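There are 2 protein chains.
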Amino acid sequence: MDKGLEQLKARMSEIMDLGHAASVLGWDQMTYMPPGGAEARGRQQALLGKLAHEKSVDPALGKLLDSLKPLEKKLDYDSDEASLIRVSRRGYETATKVPTEWAARYYKHQADSYEAWIKARPKSDFKAVLPYLEKTNKFAHEYADFFPGYDHPLDPLIDNFDFGLRAKKVKGIFKELRSDLVPLVKKISKAEQVDDSILSSDFPEEAQLAFGRAVATDLGYDFQRGRVDRTPHPFTTTFSIGDVRITTRFNKKVLSEALFSTIHESGHAMYEQGSDAKLEATPLAGGAGMSIHESQSRLWENVVGRSLPFWKFYYPKLVKTFPHFKKVKLLDFYKAINKVQPSLIRTEADEVTYNLHIMVRFDIEAGLLEDKVTARELPQVWNSRYESDLGVTPPNHSAGVMQDVHWYTGLVGYFECYALGNLLSSQIYGAAVKKRPAIAAEIGKGKFNTLHSWLTDNVYRHGNKFTTMELLKRNGLGDMDVEPFMKYLRAKYGGIYGL
Amino acid sequence: MDKGLEQLKARMSEIMDLGHAASVLGWDQMTYMPPGGAEARGRQQALLGKLAHEKSVDPALGKLLDSLKPLEKKLDYDSDEASLIRVSRRGYETATKVPTEWAARYYKHQADSYEAWIKARPKSDFKAVLPYLEKTNKFAHEYADFFPGYDHPLDPLIDNFDFGLRAKKVKGIFKELRSDLVPLVKKISKAEQVDDSILSSDFPEEAQLAFGRAVATDLGYDFQRGRVDRTPHPFTTTFSIGDVRITTRFNKKVLSEALFSTIHESGHAMYEQGSDAKLEATPLAGGAGMSIHESQSRLWENVVGRSLPFWKFYYPKLVKTFPHFKKVKLLDFYKAINKVQPSLIRTEADEVTYNLHIMVRFDIEAGLLEDKVTARELPQVWNSRYESDLGVTPPNHSAGVMQDVHWYTGLVGYFECYALGNLLSSQIYGAAVKKRPAIAAEIGKGKFNTLHSWLTDNVYRHGNKFTTMELLKRNGLGDMDVEPFMKYLRAKYGGIYGL
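For the record, the sequence lines run as chains G and E. Number 346 in the working numbering belongs to position 346 of the first sequence; there are no gaps in the numbering. Number 98 in the working numbering belongs to position 98 of the second sequence; there are no gaps in the numbering.
No wet-lab data here; the hints were simulated from the structure. Heads up, a few of these hints could be off.
Because identical chains share one entry, a pair is satisfied inside a single copy or across any pair of copies.
Straight-line C-alpha distance at most 20 Å; calculated EDC-like pairs for lysine to aspartate or glutamate [to be verified]:
id: 1; residue 1: K252; residue 2: D218
id: 2; residue 1: K335; residue 2: D389
id: 3; residue 1: K50; residue 2: E14
id: 4; residue 1: K317; residue 2: E442
id: 5; residue 1: K278; residue 2: E39
id: 6; residue 1: K74; residue 2: E280
id: 7; residue 1: K108; residue 2: E54
id: 8; residue 1: K190; residue 2: D332
id: 9; residue 1: K55; residue 2: E14
id: 10; residue 1: K9; residue 2: E39
id: 11; residue 1: K108; residue 2: E14
id: 12; residue 1: K372; residue 2: D457
id: 13; residue 1: K168; residue 2: E483
Predicted, not measured: the structure shown is a model, and the values here were computed from it.
Based on the provided sequences and hints, a complete structural model is requested.
Have a look at this one:
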């Protein structure tokens, strides 16, 4: 191997491993850490972050990347080697634009703000978090200004989650999506409503865990390279291609919550597990932009996991494990897990109204960055948008503007990925079925290998080598498209609600 | 605070936190990590070790320590500040004598050798581990030579575990201990033997875990700053003074194994939890030499946990939890958990014969370092010593020379701490009871607060500020002494065996 490339690999491996070590500390913090460990853990996390940052902005790394330009040009763009140089350079260029001192203050803000939110949220105490929210807004503005020449001030922030995606494009997509969604939601609201009370009973946690594990295993999540643990707010985390873990929480009364959360996280995790083993310990391992990442969780959770064929196969097993369902018909169960109802909480929203939640958040972020909205005005803006868009009024801030962790850990620019992930889940699933038509029938037999292997070949194994747009083009998908998603919704919910 | 001292604190905090981050990774590896995570975890651990080492030998740290000499002289020796400078300098001087390149090779050897041992042990395949054992021996010799001027080549190695302790002193103590122990073991072997089959039945793991947790809580282990998890080889690990965790394993058939292991690890953990909070993130947190550390685990496990008063209190609770014991008398139970029987496995040995196991190991280490024994000869030396000292013959190497992990992770110089810990447990318990005579009676009431608080005041809170000898002197104990331990054994086992 080229000596410079070898040096680059060694440097990037250290940066990645520091990040992954921090992830282990983070996972422990969210799963097993006793309360007394919190203070030192924050300090330890900050140290690992600082060391990774120092290595990410090391001028010697910049020189090395410069010296690798001729090699990069000679190499095939798609090759692992060219991709390593390209993606490493992108990371270096971003990191060096952010002053180290600013980054340290920002990390501190993230931790402090999170602590404040954790305390204030149960009391719906917006006043307590407002100063932090104002700081988050200030940090977001400052961050944008480190990247002069942007088209929209959200763009540099969005780049952190989906490189190359632009606010303008998101606005265009959301405009179209909104004009399609609103009439559909209206039609559904006028149809006969679905009874989802049948989902409630008493479901022992251990049985829920075992059922979720069995389904995740069937889908293709590899427990030799992963595991599932309990946590208050489920997430997926990666320590290496060989160790990608999911987490879940249980509602003893409503079986579907943990189950679909487990399938969702398994989707993220299968993507991370699916990186080509050669990409281990490089920034190419993991996933492309977060829109693609969310598409993979939503594809398994919704397109597969909430489909009728899927439940034709699994329902007898479910009934066997949870006798409560003996008296519930499959079709009623299927309708209940797909019940559409405008609601307050994003994470509990159905597939149809979910994107309306996202648009509220994206528009607010754009407004903040455009200086059209202030942090102080957020509750009022939030509530009025929920009234106009979803027809519901938050009874308090914890069910409103204080419900999501993102802003309260300083994150701005992420939310659109959730909605774009929904669109892409339909597009990518469509591409898979087009190439391998057997997929649809196999789902009804509890077999997912054809779908899993198509996704591995065409999405997973590439890891972070390509941007979202590059990945779509490789799969003949052109651009992000609202229509396949709307077509999917109209067909599915047309059936359920007899539209 | 003095600016130099502030800088020292900041530097030591980073070194400690890197070590503690590595400990989190190690804990996860031994408790929850899926098999696929092993390879990357080794790489991540090595990186954290390397970074900590780089910071430990930074010449700027040496200069800082030099500049702090005048301040140190002005300060009280016992003060936190003087102790921080003193102990930091000791660490710096040790670390800088070891070439970085050597250390990297040694860490690699530790991991490789452990892997080889894990595979070879179940097959008793000594040939497979011999090359690693030879390397361990070579590394031990090389390490000693980094510290020219030693009295005995084991001394620099022993310094890593109990600073200031000398092989010559250990040899003297062991000579006396041996001449006292051998006749006692003989007397016991001629007395009527104890039936410990009454300890065997079926004990559900969850009930064992709950009982162990309850006892550990009573003793004073703080679960707000700790937790217990399952592992194949129980250990205690520290991530901060606020997060000290124990681990355990369960034998469904023999209740006493997990229970006494849990008490033992709680002893280590209470010591670590007991450091003065001001010592957090400094090398003063934790414990003094490992002889003192082992004394704390053995004090709680044996002096307290295997005493008759202790079981007078806990036996009714045990019987209630495990009805098997309804038909077993308290005194028979007490005798059974204290049964003396020369055996093959150190970790399963009783209090009386335990130290004989240690002496075999210590003498072998001394022989290796004195070039009187080669690695190849170990099985033969081991087996003949077990025959002569304990009267048992290992049927295979996994029950013999391959039973302990130490040499197979490159550790030489540790074993004597276990035996010295036994001696010190009697001395320290004696000192506690002398000052607070109520302690003995309180144990019979399931109250341990007086003992725990005496230990906190006189041992725990000092952390690593003092060496073993300094700590003994502070408590009026002069030097390590065989007699209190022998007196304890003679009284206890004289009673049990009617000698």
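Quiz item: 20 Å Cα cut-off: does K50 pair with E14 within a copy, between copies, both or neither?
Solution: both (13 Å within a copy, 11 Å between copies)
Practice problem: Go through the copies and call it for K372 and D457: within, between, both or neither, with a Cα cutoff of 20 Å. | Solution: For K372 and D457, neither the intra-copy (45 Å) nor the inter-copy (60 Å) Cα distance is at most 20 Å.
Quiz item: When no copy is specified for K252 and D218, does a C-alpha distance of 20 Å or less occur within a copy, between copies, both, or neither?
Solution: Neither: 23 Å inside a copy, 32 Å across copies.
Quiz item: When no copy is named, should K108 and E54 be tagged within, between, both, or neither for a Cα gap of at most 20 Å?
Solution: The answer is within: 16 Å in one copy meets 20 Å, while 26 Å across copies does not.
Quiz prompt | Intra/inter-copy verdict for K278 and E39 if alpha-carbon distance must be at most 20 Å | solution = between (37 Å within a copy, 13 Å between copies)
Quiz item: Between copies, within a copy, both or neither: which fits K190 and D332 at Cα up to 20 Å?
Solution: within (19 Å within a copy, 77 Å between copies)
Exercise. Up to 20 Å between alpha-carbons, please classify K317 paired with E442: within, between, both or neither.
Key: Result: close within a single copy only, 17 Å intra versus 56 Å inter.
Exercise. Go through the copies and call it for K168 and E483: within, between, both or neither, with a Cα cutoff of 20 Å.
Key: Within one copy, since 19 Å is at most 20 Å while 83 Å is not.
Practice problem: Can you give me the call for K108 and E14, within, between, both or neither, at a CA distance of at most 20 Å? | Solution: Between. Shortest inter-copy distance 17 Å satisfies the 20 Å Cα cut-off; intra-copy 23 Å does not.
Quiz item: Are the CA atoms of K9 and E39 at most 20 Å apart within a copy, between copies, both, or neither?
Solution: between (34 Å within a copy, 17 Å between copies)
Quiz prompt | Intra- versus inter-copy proximity for E14 and K55 (alpha-carbon distance at most 20 Å) | solution = Both ways: K55 and E14 sit 8 Å apart in one copy and 16 Å across, limit 20 Å.
Exercise. Could you place K74 and E280 in one of the four classes (within, between, both, neither) given a Cα distance threshold of 20 Å?
Key: neither (23 Å within a copy, 53 Å between copies)
The structure fails hints 1, 2, 6 and 12 (numbered hints given earlier, in ascending order).
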